[in-house]
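> Go ahead and model the full structure; you've got the sequences and the hints to work with.
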Amino acid sequence: DTAVSQTPKYLVTQMGNDKSIKCEQNLGHDTMYWYKQDSKKFLKIMFSYNNKELIINETVPNRFSPKSPDKAHLNLHINSLELGDSAVYFCASSNGISYEQYFGPGTRLTVT
Amino acid sequence: SQQGEEDPQALSIQEGENATMNCSYKTSINNLQWYRQNSGRGLVHLILIRSNEREKHSGRLRVTLDTSKKSSSLLITASRAADTASYFCATDEAGTALIFGKGTTLSVSS
Chain Y
13 DTAVSQTPKY LVTQMGNDKS IKCEQNLGHD TMYWYKQDSK KFLKIMFSYN
63 NKELIINETV PNRFSPKSPD KAHLNLHINS LELGDSAVYF CASSNGISYE
113 QYFGPGTRLT VT
Chain C
108 SQQGEEDPQA LSIQEGENAT MNCSYKTSIN NLQWYRQNSG RGLVHLILIR
158 SNEREKHSGR LRVTLDTSKK SSSLLITASR AADTASYFCA TDEAGTALIF
208 GKGTTLSVSS
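Respectively, the protein sequence lines represent chains Y and C. In short: position in the first sequence from 1, add 12, done, that's the numbering used here. In short: position in the second sequence from 1, add 107, done, that's the numbering used here.
Any given hint could be a false lead.
[Unchecked claim] Listed below are the simulated DMTMM-like cross-link pairs for lysine to aspartate or glutamate, each with C-alpha atoms no more than 20 Å apart in a straight line: (1) C:133 - Y:65; (2) Y:79 - Y:30; (3) Y:34 - Y:65; (4) C:209 - Y:70; (5) Y:48 - Y:94; (6) C:176 - C:200; (7) Y:52 - Y:112; (8) Y:83 - Y:65; (9) C:177 - C:200; (10) C:209 - C:124; (11) Y:52 - Y:42; (12) C:163 - C:190; (13) Y:48 - Y:97; (14) Y:52 - C:112; (15) C:177 - C:112; (16) Y:56 - C:200; (17) C:209 - Y:50; (18) Y:56 - C:190; (19) C:163 - Y:94; (20) C:209 - Y:30; (21) Y:53 - Y:97; (22) Y:21 - Y:36; (23) Y:48 - C:112; (24) Y:56 - C:114; (25) Y:53 - C:160; (26) Y:53 - C:190; (27) Y:52 - C:160; (28) Y:64 - Y:36; (29) C:133 - C:114; (30) Y:53 - C:112.
[Unchecked claim] Computed, partial: chain Y to chain C, Cβ under 7 Å: (31) 58; (32) 60; (33) 64; (34) 65; (35) 108; (36) 115; (37) 117.
No lab work stands behind these hints, which were simulated from the structure alone. Here a beta-carbon is modelled for each residue, glycine too, at the ideal position from N, C-alpha and C.
Okay, structure coming up:
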């Protein structure tokens, strides 16, 4: 019954590796997001997809590549991981930009 | 993206007391939202107030919005230990995404 789910919940990996985080929502929303929350709890939008199309691509390194196979899924692939990528990544969904967002539980990424 | 500002950054109160946190933003908005984040969890939507509304209530929550001052406040009445969390305001001022504030960390002790 989980509205927005993410896998994995924890991800520990070494610098230089490539990893993916998956997100799924069963709310029927048309817009999905990826956020990065740093150690100071600063929450920053990374990407937004509406009906499988990218509508927001904030200034993030091109090592980060989102992919939306369908409206219910938005995955995040990260190449050549760096120490500074360590953070908690949240997926969220909504029925449009200005409406309430539903967040997943987060994926804590630790790069060593 | 311009980040909103919450004030205070941290707040410690006793159970039963009221907690007030404030949020300021930079430009015009359609709405302002408040979210709660418990430690180690995702954000949970609390309340949305539209730009043409001045006050809104939801249970023990009361939100005000002053568009002339570009500010909002969240009041939690009769706080409980379970209210311990971080609280974020978010606006759609960017037009393309929600802009979240830096958050207020609330600690309620019993």
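> Work down the list of hints and note, for each, if the structure agrees.
The hints, checked one at a time:
1. Of the supplied pair hints, the one linking residue 133 (chain C) and residue 65 (chain Y) is violated, its CA atoms being roughly 28 Å apart against a limit of 20 Å.
2. Simply put, residue 79 (chain Y) and residue 30 (chain Y) have alpha-carbon atoms about 15 Å apart, close enough for the 20 Å limit, and the pair holds.
3. Between residue 34 (chain Y) and residue 65 (chain Y) the CA atoms are separated by roughly 17 Å; this keeps the pair inside 20 Å, and the hint holds.
4. A threshold of 20 Å between alpha carbons decides the hint, and for residue 209 (chain C) with residue 70 (chain Y) the separation of about 18 Å falls inside it, so the pair holds.
5. Proposed proximity of residue 48 (chain Y) and residue 94 (chain Y) is supported: the alpha carbons are some 14 Å apart, at most 20 Å.
6. Restraint check for residue 176 (chain C) and residue 200 (chain C): satisfied, since their Cα atoms lie roughly 14 Å apart, inside the 20 Å limit.
7. Of the pairs offered as hints, the one joining residue 52 (chain Y) and residue 112 (chain Y) is violated, with about 23 Å between alpha carbons and a cut-off of 20 Å exceeded.
8. Restraint check for residue 83 (chain Y) and residue 65 (chain Y): satisfied, since their Cα atoms lie roughly 9 Å apart, inside the 20 Å limit.
9. Under the criterion of a C-alpha separation no larger than 20 Å, the hint pairing residue 177 (chain C) with residue 200 (chain C) is consistent with the structure, at around 11 Å.
10. Simply put, residue 209 (chain C) and residue 124 (chain C) have alpha-carbon atoms about 23 Å apart, too far for the 20 Å limit, and the pair is violated.
11. With a C-alpha separation of about 30 Å, the suggested pair residue 52 (chain Y) and residue 42 (chain Y) falls outside the 20 Å cut-off, and the hint is violated.
12. The straight-line distance between the Cα atoms of residue 163 (chain C) and residue 190 (chain C) is roughly 19 Å, inside the 20 Å bound, and the hint therefore holds.
13. In summary, the hint linking residue 48 (chain Y) to residue 97 (chain Y) is supported, as the alpha carbons are separated by about 9 Å, within the 20 Å threshold.
14. For the hint pairing residue 52 (chain Y) with residue 112 (chain C), the CA-to-CA distance comes to about 14 Å; that is within 20 Å, so the pair holds.
15. Pair hint residue 177 (chain C) plus residue 112 (chain C) holds up; C-alpha atoms about 11 Å apart against a cutoff of 20 Å.
16. Note on residue 56 (chain Y) and residue 200 (chain C): the hinted pairing holds, with a Cα-Cα distance of about 14 Å set against a maximum of 20 Å.
17. Restraint check for residue 209 (chain C) and residue 50 (chain Y): the C-alpha separation of about 11 Å stays at or below 20 Å, so the hint holds.
18. Between the alpha carbons of residue 56 (chain Y) and residue 190 (chain C) the distance comes to roughly 24 Å, so the proposed pair goes past 20 Å and is violated.
19. Between residue 163 (chain C) and residue 94 (chain Y) the alpha-carbon distance is near 44 Å, which puts this suggested pair outside the 20 Å criterion.
20. Straight-line distance between C-alpha atoms of residue 209 (chain C) and residue 30 (chain Y) comes to about 30 Å, which puts the hinted pair past the 20 Å bound.
21. A distance of roughly 14 Å separates the Cα atoms of residue 53 (chain Y) and residue 97 (chain Y); the hinted pair therefore holds under the 20 Å criterion.
22. At roughly 13 Å between alpha-carbon atoms, residue 21 (chain Y) and residue 36 (chain Y) fall within 20 Å of each other, so this suggested pair holds.
23. Between the alpha carbons of residue 48 (chain Y) and residue 112 (chain C) the distance comes to roughly 18 Å, so the proposed pair stays at or under 20 Å and holds.
24. Note on residue 56 (chain Y) and residue 114 (chain C): the hinted pairing holds, with a Cα-Cα distance of about 19 Å set against a maximum of 20 Å.
25. A C-alpha spacing of about 29 Å is found between residue 53 (chain Y) and residue 160 (chain C), which places the hinted pair above 20 Å, so the restraint is violated.
26. Only pairs whose Cα atoms come within 20 Å are accepted, and residue 53 (chain Y) paired with residue 190 (chain C) is accepted, the gap being roughly 18 Å.
27. Under the criterion of a C-alpha separation no larger than 20 Å, the hint pairing residue 52 (chain Y) with residue 160 (chain C) is inconsistent with the structure, at around 32 Å.
28. A threshold of 20 Å between alpha carbons decides the hint, and for residue 64 (chain Y) with residue 36 (chain Y) the separation of about 13 Å falls inside it, so the pair holds.
29. This hinted pair checks out: residue 133 (chain C) and residue 114 (chain C) have alpha carbons roughly 15 Å apart, not beyond 20 Å.
30. A distance of roughly 13 Å separates the Cα atoms of residue 53 (chain Y) and residue 112 (chain C); the hinted pair therefore holds under the 20 Å criterion.
31. Taking 7 Å as the C-beta contact cut-off toward chain C, the hint placing residue 58 (chain Y) at the interface is violated, the least distance being around 10 Å.
32. At its closest, the beta carbon of residue 60 (chain Y) sits 6 Å from a beta carbon of chain C; the interface hint therefore holds under the 7 Å criterion.
33. With a least beta-carbon distance of about 17 Å to chain C, the hint placing residue 64 (chain Y) at the interface is violated under the 7 Å criterion.
34. Interface hint at residue 65 (chain Y): violated, since its Cβ lies 13 Å from the closest Cβ of chain C, which is beyond the 7 Å cut-off.
35. Hint status for residue 108 (chain Y): violated, given a least beta-carbon distance of 10 Å to chain C, over 7 Å.
36. A least Cβ separation of about 4 Å between residue 115 (chain Y) and chain C falls short of the 7 Å threshold, and the interface hint therefore holds.
37. A cut of 7 Å between beta carbons decides the hint on residue 117 (chain Y): the least distance to chain C is about 5 Å, and the hint holds.
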